[in-house]
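Participant: These protein sequence lines are chains A and B, in that order. The numbers in this note's numbering rise by one with no breaks, and the one at position 149 of the first sequence is 149. The numbers in this note's numbering rise by one with no breaks, and the one at position 126 of the second sequence is 126.
Keep in mind that a hint or two might mislead.
[Unchecked claim] Which residues of chain A face chain B? A partial, calculated answer using Cβ under 10 Å:
| hint | residue |
| --- | --- |
| 1 | Leu25 |
| 2 | Gly33 |
| 3 | Leu92 |
Just so you know, the hints here were simulated from the structure itself, not pulled from any lab data. The beta carbon of each residue, even a glycine, is placed where N, CA and C say it ideally should be.
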Amino acid sequence: MANGTWKIARNRSGAQLPIALLAALAIALILIGKAQNPIFDRARTTVTDWASPVLRIARAPLDGLDRWMGSIGEIFNVYQENLRLKDENARLRQWRNAAVALEDRVKRYQLLLRAVPDPKLSSVMARVIGRSNQPFLQTMILDAGKAQGVKPGQAVIDQRGMIGRIFLAGNYTSWVILLTDLNSRIPVNIEPGNAQAIMAGDNSGAPLLDLLSQRVVLKPGAQVVSSGDGGLLPPGLAIGTVVGNSVSGYRVVLLADPGASDDVNIVDFKLKTEQPPATTANELPATAAGLPPAAPPQPAPVAAPLVHAAAPVVKPPTALPASPPAKPSANAQEPPASDTGNE
Amino acid sequence: MEHAVNIMAGRFLSSIVPVTFGILGVVIANFPVSLLGGLVPPALLVFMPLYFWAMVRPDLMTPFWAFVLGILQDLLSGGPAGVWAAAFLAAYFLIDRQRDMLAGLSGVGAVAGFAVASLTACLTAYATVAIYYWHLPPAAPMLLQLAMTVLLYIPGVILLGFVHRRLVGPYRSDF
Numbered sequence: 001m002a003n004g005t006w007k008i009a010r011n012r013s014g015a016q017l018p019i020a021l022l023a024a025l026a027i028a029l030i031l032i033g034k035a036q037n038p039i040f041d042r043a044r045t046t047v048t049d050w051a052s053p054v055l056r057i058a059r060a061p062l063d064g065l066d067r068w069m070g071s072i073g074e075i076f077n078v079y080q081e082n083l084r085l086k087d088e089n090a091r092l093r094q095w096r097n098a099a100v101a102l103e104d105r106v107k108r109y110q111l112l113l114r115a116v117p118d119p120k121l122s123s124v125m126a127r128v129i130g131r132s133n134q135p136f137l138q139t140m141i142l143d144a145g146k147a148q149g150v151k152p153g154q155a156v157i158d159q160r161g162m163i164g165r166i167f168l169a170g171n172y173t174s175w176v177i178l179l180t181d182l183n184s185r186i187p188v189n190i191e192p193g194n195a196q197a198i199m200a201g202d203n204s205g206a207p208l209l210d211l212l213s214q215r216v217v218l219k220p221g222a223q224v225v226s227s228g229d230g231g232l233l234p235p236g237l238a239i240g241t242v243v244g245n246s247v248s249g250y251r252v253v254l255l256a257d258p259g260a261s262d263d264v265n266i267v268d269f270k271l272k273t274e275q276p277p278a279t280t281a282n283e284l285p286a287t288a289a290g291l292p293p294a295a296p297p298q299p300a301p302v303a304a305p306l307v308h309a310a311a312p313v314v315k316p317p318t319a320l321p322a323s324p325p326a327k328p329s330a331n332a333q334e335p336p337a338s339d340t341g342n343e
Numbered sequence: 001m002e003h004a005v006n007i008m009a010g011r012f013l014s015s016i017v018p019v020t021f022g023i024l025g026v027v028i029a030n031f032p033v034s035l036l037g038g039l040v041p042p043a044l045l046v047f048m049p050l051y052f053w054a055m056v057r058p059d060l061m062t063p064f065w066a067f068v069l070g071i072l073q074d075l076l077s078g079g080p081a082g083v084w085a086a087a088f089l090a091a092y093f094l095i096d097r098q099r100d101m102l103a104g105l106s107g108v109g110a111v112a113g114f115a116v117a118s119l120t121a122c123l124t125a126y127a128t129v130a131i132y133y134w135h136l137p138p139a140a141p142m143l144l145q146l147a148m149t150v151l152l153y154i155p156g157v158i159l160l161g162f163v164h165r166r167l168v169g170p171y172r173s174d175f
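Just chain B, same shape as in the assembly (with noise of 0.2 Å):
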């Protein structure tokens, strides 16, 4: 009995930690202190599990989230409602369709797989944006919060993998 509460607590921990690592990300990335002295826009931390796991356990990060995810960048970061929520549908659908190619990719490949799918959520968001009040937005901003995300990947993807060999693990029915 013992051992089956704790099945259920150990599957419970590893279908919130993604969840919990995107939420962390958008308070991180949104906290209102730069430490770069405004210099560069934040890197869009969220997006690091969101798409780690949307890659390797869509079943845990699933379009839900991914919605949910944005909606908390749109709250947090001042801007409309729904821009970021789209942006990451719009990356989370790439992802989807993309998935066997995007996990296939090792090294630098992966970062550049991380890139293009970051560089559709940006896009997304930039045109929405620029949409929404009817101007064209300046991009070199967007490019470098795309740069600064990009960049940071790199020891986000470590951390991410190391919290998902120990946490979570791959897919139940892939044992």
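Isolated chain A (complex conformation) (with noise of 0.2 Å):
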């Protein structure tokens, strides 16, 4: 350790003007790379790309072993956390039954009104490959890149809420950007309310909520989901809960855990949207209880084309869908469906 012992060179070289050159060729580079200057992102997903059979090999042992560090702490209070996720169980299950009768409801008010439902989003699975926890930068890695359709931009969801964003993409790799990190700003609403904010990383566990309105006040433990606002995000992702106060400032508590996340969804608005499966005859209101089906609509009458033609035209509802075969609704026993088609 005694760096006495060493015999040092002499300073004969004189790095004084080599140092300040590179120097300056550092900040040229940091000035290119604030540019936007894709010759670095270029490099760094080759490397990944390069590097990824080696991430999957080496990730399995080391994630457990990553993960059975992580909970060392949690071996201690294992009996509280378990009463408190079997309440917990017992009021999601109450939340899903609500949330079934809910949808039906919904689905039949949207027959009636003839509304289209928000359809199901395309998304692209993949496995997390590599986290990385640096002081300016919190990122994780995926074994999903362009061949898989995966572009810069897109939402990183996984069962639970948002995770981040897609801000660079390989061929067989991308990387995300975390919700927490530092670089991170997203349009968000808060329910109840409808309030409109931006939520910032700052590299600690919850980010910042920077409220578009100085009036509103919020209450812990509304729900934040992204707004959709300048078409980069889809709206109504969910990523977390309000905590805080207006004096200390509001931050957000997110849902998904980006550590303990092995499997995520790429979420790919720009492509086009899975239709949503047609509505029986059979899961018209009329029909689920139990009555005859509406008469089809009579051929107007060939004497008054231009009235007919003036008067907005109200098809029975029986008209509305191109119904496959009948069969019972199902949907009543399945869980409720989200709109991040992450399911």
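Both chains are sitting in their own frames, so use the hints and assemble them into the complex.
Facilitator: Below is the structure:
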């Protein structure tokens, strides 16, 4: 350890000039990088594409060790955690029943109003093959890239909520910028009240909420979802819940846990969305109530064409869907579907 | 003739060892799997061989190699290009100016000297990132990284010293 024991080379080179020149080059690189030069990003994705087989192989044992080390602290409160989870599970079952009933009701209302239901979003499933917790960047690497249709800007979600966005896409790998990262800023809505805000990461576990209106007062526990403003992200992605107050500032406790997510979905907002399944005649309110279906529309009298053209024609509900063969609705037995397509 | 070839091979090996250790430090520190559950940022392993050989063999760890290792660190850590390159050059400048003093330190003093050089690099990186994003990043992760780096320097310098004695050796004209 004693540096004094080393016979050192004296400063014969005069390194001041090279240092100054290279420092100028480094500053130039920083400025070029700020101007979104893609050369460095391409090099980075090439390196991860090239290293992805190694990362896949190395990930399994190291991730197991990683999780074991991370859960050492949880051993001591496993009993309390079990009780808490049982209680939460009971409450979630009640919410599930309510959600199934409400989903059925919404479906009927949509049918009556001829509303277009929210389509499911296309998504690509990917495995997390690396996580990086640098002082100035929190990111993860996925094993899906351009070859699977992944593009920068797409949202990354797990079963619980949004994790982050793709910021670099290689051919077979992609880098995700986490919501907690210093560089992450996304528009969000806070429910109830539909308050709009920008959620900004600061490398802490709970991102900050920057409200667009200073007069809004939020309640702890309010739900935060993506607003979809700007067209970058799909609206309605679950993100987290509000904590804090107007004095100390609001923060968001995220639903998703990037440290525990192994499989994630990359939501493609720009792709053609999946069409929802057509509603069958048996799901119509009248049919479900045991009533005969409404009579088909009578042909309009030929003698009054002008009146017919001017008046809006309201078709009966039975004429709406191109119904496939009727089958009993099994939706009531399924868990509530989300808009994110992550189920 | 064979003896001359062996000498040449030995000199070549000794010249690539510092940079190879630097590259290894970058790769290991930026391997995207954490052994501590992501609680602590990875240590700045690349800075250990950089500091050590910039102090004892600046002819092998030149400012150019400090720049290259910084670029590699930027590339693999996912940060903006040039941040760690500038940080390592700032630290190199300090080492270059204070070489005699730093090389004369021993024991805790040697670790303190390394800590000062690491702090210079980390502060430069912090300031550069703050200007780059026009936003002050939290200092805690950087301080944790600095602490991890200084802590690991203690076993690290023993390994580097061993490698230096066995493979690199003192400056040729010092014989």
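Participant: So, for every hint listed, does it hold in this structure?
Facilitator: Evaluated hints:
Given hint, Leu25(A) at the interface with chain B, holds; its Cβ is 7 Å from that chain's nearest Cβ, closer than 10 Å. The restraint placing Gly33(A) at the interface with chain B holds, with a minimum CB-CB distance near 4 Å, inside the 10 Å limit. Using the Cβ-Cβ criterion of 10 Å, the hint placing Leu92(A) at the interface with chain B is not satisfied: the shortest such distance is roughly 27 Å.
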